[in-house]
Amino acid sequence: MAAIPAERYTGASIKRSEDPRILTGAGRYVDDIKLPGMLHAAFVRSPLAHARVLSVDASAARELPGIVAAFTGTDLEAMTVPGPDALMALLGGAGPTPEFTLLATDKVRFAGDPVAIVIAESRYLAEDGCELVDVEYDQLPPVTNASFALDPSSPPLFANLGDNIARPHSRNEFGDVPATFATADRVSDFRIDVHRHQNMPMEGRGCVASYDGGLGVITVYTATQSVHVSKIAVAMRLGMEQDKVRVLAGDIGGSFGLKIGASREELAVAAAARAVGRPVKWVEDRGENLTTSGQAREESFDVRAAVSNDGDLLGLDVNMVIDTGAYPGMGTMVPGIVEAMLPGPYKLAALGFESTAVTTNKASYVAYRGPWASETFVRERILDLIAKDLGLDPLEIRLRNAAPRTDPPAVMITGRPLAGVTTRESLERIAQLVDFPAFRRRQAEARAQGRYLGIGVATFIEAAPGPRSPEVPSGPMGTEPMRLRLEEDGIVTLFTGQMPHGQSHETTLAQIAADEFGVPFEQVRVVTGDTDVVPFGLTGGSRSATMAGGVALHGARQLKAKVIDVASQLMEASAQDLQITDGQVWVRGDPASAISVGEVARRAATGRFAPGLDANLEVEAAFDGGEGGWSGGSHCAIVEVDVETGIVTVERYVVAEDCGALINPAIVDGQIRGGVAQGIGAVLLERSAYDQDGNCQSATLMDYLVPTACDIPRIEIEHLETVPLDADVNFRGVGEGGMIVAPPTVVNAIEDALAPFGARIYEQHLPPARILELIAAADSGQ
Amino acid sequence: MVEITLRVNGTACTGPAEARKTLADFLRDDLNLTGTHLGCEHGVCGACTVIVDGRAVRSCLMLAVQAAGSEVTTIEGLAPDGGLGVVQQAMWDSHSFQCGFCTPGMVMQAVAFLGDHPDAGEQQIREALSGNICRCTGYQSIIDGVLLAAKRSRGR
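Chains A and B, in that order, give the protein sequences. In my numbering, each residue carries its 1-based index in the first sequence increased by 14. In my numbering, each residue carries its 1-based index in the second sequence increased by 8.
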């Protein structure tokens, strides 16, 4: 046997290719782009949540030296092609389409709604110009919460909708809901609220747009999760052919769902750049990011649970209302995913689910890391509430309800098979990692000293990618393309539609391709972020590990076969006898025969081959997710609540996770820890707050608090042995799980800590003031 | 406009600065040192941290004119030979970062802190970095990087 490389890159914590540039300040983020003659944009924004726009006068701004142009909403409409929001048009949202303009024209719908754009020689001057734009408003009553939005008398945000219902009420039933509830031992009612919070990536939105009038081409440098989705939006709105639009992205400073496609502001900047004939940059400031870029969650759930006296969760009947903010977008699609995922990994036999999406005078809904995460919060919260009523242990009630792993697999009542789900294993592993009896003893001792410790457990599954099932023949997440090419210097280039913004794809995809093709890791390049060269794609929904990882593997295999076919002729050897290792093609058993893959590529480019041999060393691969599978796991938190100050400290946090085969353990752990940190922040700190007039109260990082290094404990992670479903590709997505399950884990722990006060918690946001209220309410017997 | 002279990464720089221009914008726009990032422009997130006369400073809260006559070090000046400094190398080895936007400020803060506190332990390091926000990592990998850098520095 010839020598086989002992080590594989896949599965090892290879150091990131991205880091040398990032650590030296040489990363290229959108605000680092400078083009000759570049101008700067700033937006005039509404100070009111809901008002008619009577007039916009930008004449004084236009006269200020250094101001190049100022456009109102009406100007922008004349400069562009009217139509719905491009992302909504792409995704095909149901129901009537609300009026959509780049800038507000006749009406503003949230405090921060853009009204005019000012283009100037510098950002400082552009902001000066904004001060001089005079807007007259006629204030309307603001609709600042869902219950008012549901009231038919509330003033409609969109005249063409006639009310504030963004997606009409619907009800679906799975299993026999009436019979389940009629025969259950107990039926309990809960109202669970999830508050509004938001992505807050370190880098906000931004773009630089440059129009070449001679070629009729617009180039947009931006921060986006998909350059192609941005390109489609620009082409639609600017009325340009798609091949005349090029969207580029470099390093991106985080997103977590915020930067999907081109925002209204980015489209306005592109239109303005075309109009003025000079490049225009806009980078939002933190105030704009917090008040206008978008916010997530804010959902309420009226839940009835049918339960047996032994603790079996038999059925749920849920009424969900989601507050999608001013301009309906993805928020209207979230209830459908919540419905599908609500049973989780449990044997739930019946589910009634109704939902309504409303529009309000707040920043628009955007995706945020696990947009459907409330299904896990609701389910894992009520399991603890039920356990308390029945005197059951939180681990016990979960193990009792978790579907066993059977062949064929159990099927969620909403339809998807729970193939390979390791929920029970993860709960059992948590019980081994955390000594519950010892904790209960310590908890009792601490309580005797007036200290309140609590432990919480929660579990989740994520369809990343989800199981293959007959109902979706195209695969659980559609198809992921990739183009791969062997360059003449031996570099294997991967052109991917993935658009990493912290996920480290330059490293992980190279690891997989290097192993499969047989070249050193350093010999693989991953190309992203240029619509002229990369295929369609999107980084989001935790799809990259399986989908891009899978296509990297299959594509490298195809490319390798092609290289071997060419080498077979060059080397006059049978293809079956050739192998590629360490960048060399050689005849098995004859190391002296080796030639480099670069040599093969050079000779392929110039050589003559027998008819029928394809010597173009490039492949266009596609992957449909294979057999797919679930990501999932269980988390456990131990907290201490200071009942004098209301401050919660997370003392210990343990994760037992199954995200399939690991590509790069350090990167996987980073994804999990980052998600958990955001989940801890969501519970203890973060809230996108509005006053009764619709003013955003969390417009700075002193008001919108995110966790610091002192707020997040060391997070212990155990990876479970996974159940492989596919022959080759068992990498599963891990981007969202931490953020999905950390909130119920932490809230469950807090409720446990407050058990001596009899506190019951029905909400997700528990800052110190709220903790003190819960204690006071319990003290006063409410 | 005020003509200012300062030393940045060991090189004397002279240029006009509008009185209201922040040091961060001067570094980024006038000196093309775009490694210094702006994450909030109100002094909370720490992404724009640079070292001015030996102290970690938020360059979004300092005017360029206030830095006249000062010695400024930015992320680009940490390892002028094109390599990585001790903190940078330790952070690479520790998989400290993800999106990289907070990185320059976090690195500068860590360099300044370790310079004054070479024997710092984990809790001290957490407190020292608590004014620098990272949204991606949950901080553990960053803390591990700083601990590793401290250990390596002490071992010299």
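Where hints are given, some of them may not hold.
Simulated crosslink set (DMTMM-like; lysine to aspartate or glutamate; CA at most 25 Å straight-line) [said to hold, decoys possible]: (1) K29(B) x E141(A); (2) K29(B) x E634(A); (3) K29(A) x E130(B); (4) K48(A) x D199(A); (5) K121(A) x D142(A); (6) K29(A) x D503(A); (7) K48(A) x D152(B); (8) K48(A) x E84(B); (9) K29(B) x E145(A); (10) K258(A) x E302(A); (11) K29(B) x E77(A); (12) K29(B) x D177(A); (13) K29(A) x E84(B); (14) K29(B) x D142(A); (15) K402(A) x E654(A); (16) K29(B) x E49(B); (17) K361(A) x D299(A); (18) K29(A) x D152(B); (19) K29(B) x D226(A); (20) K121(A) x E255(A); (21) K258(A) x E634(A); (22) K48(A) x E26(B); (23) K159(B) x D226(A); (24) K48(A) x E135(A); (25) K48(A) x E130(B); (26) K29(A) x D37(B); (27) K159(B) x D257(A); (28) K29(B) x E135(A); (29) K29(A) x D89(B); (30) K48(A) x D61(B); (31) K121(A) x D177(A); (32) K48(A) x E21(A); (33) K361(A) x D199(A); (34) K48(A) x D101(B).
Distance windows between CB atoms, simulated [unchecked claim]: (35) D324(A) x G51(B): 38 to 44 Å; (36) S161(B) x T428(A): 53 to 59 Å; (37) Q463(A) x G91(B): 50 to 56 Å; (38) G62(B) x A458(A): 21 to 27 Å; (39) G51(B) x E141(A): 51 to 57 Å; (40) P182(A) x G129(B): 35 to 41 Å.
Read the hints as simulated data drawn from the structure, not as lab findings. Using N, Cα and C, we set each Cβ at its ideal position, and we do this for glycine too.
Hint check against the structure, violated hint numbers in rising order: Numbers 2, 4, 7, 10, 12, 17, 19, 20, 23, 25, 26, 27, 30, 32, 34, 35, 38, 39 and 40 - these are the hints that the structure violates, sorted from lowest upward.
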